[in-house]
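Asks: Please build the complex by placing chains B and C on the supplied structure of chain A, with the hints as guidance.
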Amino acid sequence: MLNTISFEAIKTAVQQWLNMHWGPHLAFIAECILIGLLVIVFFALLGLLLVFMERKVSAVMQIRLGPNRVGPKGWLQTSADTLKLMLKEGLTPDGADKFLFNLAPFLIMIAAMLIMVPIAFARNFQIWDINIGVLYISSIASISVIAILMAGWSSNNKYALLGAMRSGAQIISYELSAGVAVITMVMLTQSLSIQDIILSQQNGWWIFKGHIPAIIAFVIFMIAATAETNRAPFDLAEAESELTAGFHTEYSGMKFALFFLAEYINVFIVCAVAAILFFGGWMPFHIGNWEGFNHIMDYIPSSIWFLGKTFCLIFLIMWFRWTFPRLRIDQLLNLEWKYLLPISLANLLLMTIIVVLKWYL
Amino acid sequence: MHQVLSSTPEGIFTINVGPQHPATHGVLHLVITLNGETILKIEPHLGYIHRSIEKMCESLTYRQFIYVTSRMDYLSAHINNHACALCVEKGLQVEVPMRAQYIRVIMDELTRLASHELWWGAMAMDVGAFTPFFYAFRERETINEIMEETCGARLTMNYMVPGGVMADIHPQFQQKVKQFIAGYKNKIAEYNELVTGNVIFQNRMKGVGYLSTEDAISYGCSGPVARASGVACDVRKRYPYDVYAQVQFDEIIETAGDSFARYLVRIREMEQSVRIIEQLIDNIPEGDYQAKTKAVLKLPKGEFYQRVETARGELGVYIVSEGGTTPYRIKFRSPGFSNLSALNEMAKGGKIGDLVATMGTLDLVIPDIDR
Amino acid sequence: MDNEALKASLLPLNANLTFEEGGEWVNVFVPYNELKPLLKTLQGEPDLYFNYLFCLTCVDWKTHLTMVYHLTSLKWQHNLVVKAVLNRENPQIETVCDIWKTAEFLEREVYELFGVEFLHHPDLRRLILTDDFKGWPLRKDFEDPVNMIKL
Chain A
1 MLNTISFEAI KTAVQQWLNM HWGPHLAFIA ECILIGLLVI VFFALLGLLL VFMERKVSAV
61 MQIRLGPNRV GPKGWLQTSA DTLKLMLKEG LTPDGADKFL FNLAPFLIMI AAMLIMVPIA
121 FARNFQIWDI NIGVLYISSI ASISVIAILM AGWSSNNKYA LLGAMRSGAQ IISYELSAGV
181 AVITMVMLTQ SLSIQDIILS QQNGWWIFKG HIPAIIAFVI FMIAATAETN RAPFDLAEAE
241 SELTAGFHTE YSGMKFALFF LAEYINVFIV CAVAAILFFG GWMPFHIGNW EGFNHIMDYI
301 PSSIWFLGKT FCLIFLIMWF RWTFPRLRID QLLNLEWKYL LPISLANLLL MTIIVVLKWY
361 L
Chain B
1 MHQVLSSTPE GIFTINVGPQ HPATHGVLHL VITLNGETIL KIEPHLGYIH RSIEKMCESL
61 TYRQFIYVTS RMDYLSAHIN NHACALCVEK GLQVEVPMRA QYIRVIMDEL TRLASHELWW
121 GAMAMDVGAF TPFFYAFRER ETINEIMEET CGARLTMNYM VPGGVMADIH PQFQQKVKQF
181 IAGYKNKIAE YNELVTGNVI FQNRMKGVGY LSTEDAISYG CSGPVARASG VACDVRKRYP
241 YDVYAQVQFD EIIETAGDSF ARYLVRIREM EQSVRIIEQL IDNIPEGDYQ AKTKAVLKLP
301 KGEFYQRVET ARGELGVYIV SEGGTTPYRI KFRSPGFSNL SALNEMAKGG KIGDLVATMG
361 TLDLVIPDID R
Chain C
1 MDNEALKASL LPLNANLTFE EGGEWVNVFV PYNELKPLLK TLQGEPDLYF NYLFCLTCVD
61 WKTHLTMVYH LTSLKWQHNL VVKAVLNREN PQIETVCDIW KTAEFLEREV YELFGVEFLH
121 HPDLRRLILT DDFKGWPLRK DFEDPVNMIK L
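Protein chains in written order, with our numbering: chain A, 1 to 361; chain B, 1 to 371; chain C, 1 to 151.
Bound-form chain A, shown alone (with noise of 0.2 Å):
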């Protein structure tokens, strides 16, 4: 019973209708347009759960009790602050460039939702299994910079464009180390394409199956995608108590919000990748070739535990944000440039030796 509830389940059910009532391809089209309306709905959610999330770990981190006014328990918190920001007034400053200033929040968005495309949610549930997939996301993930840079030059204040500038040079450093992250990964599953990464993953995952060369992946790939993703401790950027007030200072009311919610898609979107390279992403936890165990861990359905290993991961993102002190940016530059780098760059040459040796598990 539990297969016929599942994504999988639904998503061939309205295929086969679709088909049938419609023809092929107009069925395609409608298909399209459901899938537009569905990861936009799907944001607008993970936006307004996420900094919930983020309200209430902290505030159980400071030892206070976060939102729980504004519905039960707080849980419509942040739908007010979403009204709210929908409802104030956007300005636009006197001297910016209009059409870069109105696009920016756009294009950081699209960013977002294209890399959506090839993320699996459950088994057999992906937009369209592109055969580049890992590729595909971390050069989409770089049209984000295009969209900061264009916020904070068109922003027409020398501190926004110094703070775009310093959160550019950031995340073009660490793509770096994420990206060598990654490919450390490919090596293993010697595919870049999605499904085969999880495929490659039934007994077992990678992080365990890859050992050491993983664990130190893994750990570069975390730090690579804070700092990415400007999350503290490299939230230099946009904080307030140094100089500059970060690219999206002159933005506010609903542009400022899909700033805003582009960084906590951002980080689900990290989270979700780190969850597929090292973790199976959809996949159950399985041993090796525990037949018994194997077929329990089955029972959870594979939604649950996609959105498990990512919450998780969205979580320790959260602890280090409330824990750590910000780094300055020569010191943040420092750490990539003669650190992240070359730890990650010795890893892959690690890695393939592993590979080619044939010593992993």
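Bear in mind the hints are in silico, worked out from the structure with no lab data behind them. These numbers were taken from a predicted model, which means no experiment stands behind them.
As a list, the in silico BS3-like pairs of lysine-lysine whose alpha-carbon atoms are at most 30 Å apart: (1) C:83 x C:40; (2) B:301 x C:7; (3) C:36 x B:301; (4) B:176 x B:237; (5) C:140 x B:90; (6) A:88 x A:98; (7) C:83 x B:55; (8) B:348 x B:206; (9) B:348 x A:338; (10) B:206 x A:338; (11) A:158 x B:348; (12) B:187 x B:206; (13) A:88 x A:56; (14) A:88 x A:158; (15) C:140 x B:55; (16) B:55 x C:150; (17) B:90 x C:7; (18) B:41 x C:36; (19) B:301 x C:140; (20) C:150 x B:301; (21) B:55 x C:134; (22) B:298 x C:83; (23) B:294 x C:140; (24) B:55 x C:62; (25) C:75 x B:206; (26) B:237 x C:40; (27) B:298 x C:150; (28) C:83 x B:237; (29) B:41 x C:134; (30) B:90 x C:62; (31) C:150 x B:294; (32) B:348 x C:40; (33) B:90 x B:237.
Replies: Just chains B and C now, kept in the frame of chain A:
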């Protein structure tokens, strides 16, 4: 931070920082001259909270002026009151009973703990770690509750009077303080794990805001700022007052002179304060809590100076008396005033990000500077 | 050094010193135009070594102003109070900024509250009060009908 930017062709420009800070240092306005990101000169503009306390005290009696002084360095309110009471007692040549002396020192050390807690929380927040702020206030809340039960107020306690303390401690005081102290050592260990030992934090603080020993002496710095540069100037050790001469505690001196040294000095001072309270809390002698003094106090003609060690440094109270019921001239030598004058020396040549770390370790309370 | 020894070692430094009795520390009066050389010697002399200026203030005695300098030696642990009498109409005195850097701010404060002009001060202007404030507030004859309430 509020910034106003004007540039000259050479790339040197001035920005304003303050008077409103997100970092709760009080109303301090700094005009910083920058060359790119490097600080060339810092000029503090003071006076946003100047209340002319010195002039006011010239029309208040010797019993009244103590209450105004709690508002000067409000984080060490007890210690301020203590200084004024001691100065008046010096003039009147009054002997304070031992019980009152013990109570005063215990209150002083509790205040020092509360002040250092707030400093720690606010400084960690400046550097980017938000959680320690809440942990610090959790501890401070317990101290404030003890203060409220004993003195009636949480911030401006007004408990010390010339001759002793205003009212006796209540029966559960000793037990509450002992309970608080018992759990406190673990807290300091927790703080060390969370912030002191953190590599990111150490990298932000080490080598930042260096103040040499000669500069510290020349600029008149006192308290943890001077002690971190190797100057041995703890008033409790050099010119002890009340029972400080009989209590065992260490004077913490570091020689590095940078922000991390100032940080360590304060953390270790917290440990020493706990040690002092432990030694005193069980041995409060019986007796009077206040010496008998006349209702209207008149100091003889002359000048009296009393120095105490507040959480920020050496506070001096200088009373010039003409024999009347009100002082002729009072001067408060505030520790923050001299510490602030060293800020230019510490921060020039560094970057703006380092300024935040340096100012955090200076522990400035602006009402203390402006009076 | 104790007070008697201090007095003895101060006497040879300047011919016009007078001592005030009855205080906790040695109070010595010196004419204002001879103040700076005396303070310089006090700081430099190895037996005296007053390297810490911890209080610099002024007292208005209605007929004259008195500058008060509180010095201490961190090495020898002795304290000294040096005073100089100033003319009320035209109070001028040499700055001691070059001896102790803390004097820079302290003298600015005395300038704005009492009107004492410090010669050769690098930056003598108001510190705590607003730059356009009129009058010298801590003088005994300062009148401010709006803000001062006489009880």
